[in-house]
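Sequences listed follow chains A and B, in order.
Numbered by the working numbering, the letters in the first sequence go through residues 126 to 442 in order.
Numbered by the working numbering, the letters in the second sequence go through residues 495 to 750 in order.
To be clear, the hints were calculated from the coordinates, so they are not data collected in a lab.
Source: prediction; values computed, not measured.
Certain hints may be false.
[What the hints assert, rightly or not] Only pairs whose alpha carbons sit at most 20 Å apart, straight line, appear in this in silico SDA-like list of lysine to any residue:
| id | chain 1 | residue 1 | chain 2 | residue 2 |
| --- | --- | --- | --- | --- |
| 1 | A | Lys305 | B | Thr657 |
| 2 | B | Lys687 | B | Ala525 |
| 3 | A | Lys139 | B | Glu652 |
| 4 | A | Lys139 | B | Gly654 |
Residue strings, one per chain:
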Amino acid sequence: MLVFLESHGKELQKGSLGVLAKAASLGDADAVIAGEGANALAAEAGKFGAKKVWICEDGEVAQPLPQPRVDVLAHVVEEGAYDTVLFANSVLAADIAAGLAARLDAGLNWDLVDVELKDGELVGKRPALQDSVYADVGWDGTPRLALFRAGSFDATATGGGEPETTNVSPSYAEHSTAVKLVGQDAEESSGPSIEDADVIVAGGRGLGSPDNFTLAEELAKALGGAVGATRAVVDAGWYPYSAQIGQTGKTVSPKLYVALGISGAIQHKVGMQSSGTIVAINKDANAPIFEFSDLGVVGDVHEIVPKLTELVRARRG
Amino acid sequence: MKIAVCVKHVPEGPSRLDPSSKRLDRSGEGALNHFDANAVEEALRLKGDSDSEVVAVSLGPQKALDSLRKALAMGADRAVLVSDEAAAGSDLVATSRLLAAALEKESADLVLFGQQASDADGAVLWAAVAERLGRPVVSQAMELALDGGSVRVKRQTEFGYDTLEAPLPAVVAVSDAINEPRYPSLKGIMGAKKKPQDVLSLAELGVDSGEAGEAGSRTTVLALGDPPARADARKIEDDGNAAEAIVDFLAEKRLV
Ligand SMILES: Cc1cc2nc3c(=O)[nH]c(=O)nc-3n(C[C@H](O)[C@H](O)[C@H](O)COP(=O)(O)OP(=O)(O)OC[C@H]3O[C@@H](n4cnc5c(N)ncnc54)[C@H](O)[C@@H]3O)c2cc1C
Ligand SMILES: Nc1ncnc2c1ncn2[C@@H]1O[C@H](COP(=O)(O)O)[C@@H](O)[C@H]1O
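Only chain A is shown next, with the shape it has when bound in the complex:
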């Protein structure tokens, strides 16, 4: 089995180390690291169970872009004769996995939350239809590609030793190196951190306008909590990135999470599903968020939230 380890700066991403640890628990697991400073990260991969680490430090993989990494992986899969390649979901990894599937005509099962060996066959666990059904999925032929939902496995060191390393430099397809990164801004978090809050009131597009975020703010104040947001409203400029919860934002686990006008997409869910109690208000009775709320209220946030804030204020005095 081969695991794609995503590196950013001088760090291996926890999600991919979790997938590596899981792979190592099933059998022999090797890893591939592609990017600047990859060599220096190999030892770390060993601690999470990699026997062998394939390393690519070519200029083509200096930027966090998927297509040149498809070339690296296709090369390594062939060199190492791997029958299984595992990825932890991320913006980068999803595009690599799907590109590799097309390149190798290989089956890709995505959004898996677990994988096991049943009678020697690899079987993936895949929640479907807003997680209301859990499917067992398999692969026809090899290599088998699997993309795991963020946070599926804990990154626990397996106590492995120093891995064997091999440097690789594949040839790159012309289209693979055509995209260029021309600007980057890592947004600094500002304001109170939502990661430590006991109560989070999060707002989504259902609030209707940036101004209506005051509804979330007032309720958060009344409950003594912080305000969170979905990517849809952050990217639309309604609320700062530092408040974003989900796959590409923060992962939170407050005692109470109140979702206002949030549909409950998987990418949002992975950032808040371990909250103690989840209350959701959404006017669409079929909204996915109701599948994982402890209390789901089908209704209009504009009607309910002002009253709710009043009642909470009155109660807390």
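Assemble chain B with the ligands onto chain A, guided by the hints.
Just chain B with the ligands now, kept in the frame of chain A:
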């Protein structure tokens, strides 16, 4: 210039899996995947009042024409539907093969995708299609601009915001934050009927039926089961007293 937009016809309302075929039950009403409305909107915005052509492309059952007509009603110029019994049940590998074949015929300068199919939540198809077309790909675009022979995209990742540039022809998947899709006007809806709508079989596409559907797929669904049980989830309709009900619930849980 020509812009192709990939759109999916998805089941409306609560969806279910057919226990015997283990496939999504597509017998009910369907609608244009709402994430794809953002892609159609972006194509129309890029077109503006130029003479660029916007072609909506879909793979699906005959009924998918309804969703293509919605794209036409919004303002797309032409629709192409790949539809064939033998294509049902196509997984990522097979779907990307068929869509790439249809897009190859169009040779558009820019191919747009939506953020995700609301019934499958893959958010992956574009990368597979781009690989088959041998074109650069950029996903999660929250801002998109054409700049001579290239496209410039701003996108959010786990680490902040990146600006990327890709030479045309390119494939771009847009995020749901990129725009507010327009509603089709009455005139648009009336006009849509007269716009060209081609339905292609696998044979017309030049793809062997063994390359499509389950035969052309590399993944399988082995069994369906229930999700892990969750403690007493409750759902109520607001009858005017929802705020009180929420406070009672919070009090019961000692959260207020
Ligand atoms: C790679 C990737 C990464 C992503 N990362 C993240 C992430 O980190 N965080 C994140 O949140 N998303 C993320 N997303 C986006 C995610 O898939 C959804 O698009 C997003 O979460 C939707 O935000 P929303 O719920 O605010 O908007 P919508 O999906 O538009 O939902 C709005 C909801 O409000 C309801 N509503 C409307 N009006 C009212 C009203 N008056 N009263 C009550 N309810 C109302 C509607 O019924 C609807 O359910 C990511 C997507 C991808 C592909
Ligand atoms: N059957 C289809 N026909 C045309 N486009 C599709 C189809 N399925 C998915 N897409 C496109 O691919 C995007 C991502 O889909 P997915 O990877 O399945 O979540 C969608 O937003 C659509 O733009």
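We went through each hint and held it up to the structure:
1. For the suggested pair Lys305 of chain A and Thr657 of chain B, the alpha carbons sit about 9 Å apart, so the restraint of at most 20 Å is met.
2. Restraint check for Lys687 of chain B and Ala525 of chain B: the C-alpha separation of about 17 Å stays at or below 20 Å, so the hint holds.
3. Proposed proximity of Lys139 of chain A and Glu652 of chain B is supported: the alpha carbons are some 12 Å apart, at most 20 Å.
4. As the CA atoms of Lys139 of chain A and Gly654 of chain B are separated by approximately 17 Å, the hinted pair is consistent with the 20 Å bound.
Figure legend: structure checked against the earlier numbered hints; every hint is met.
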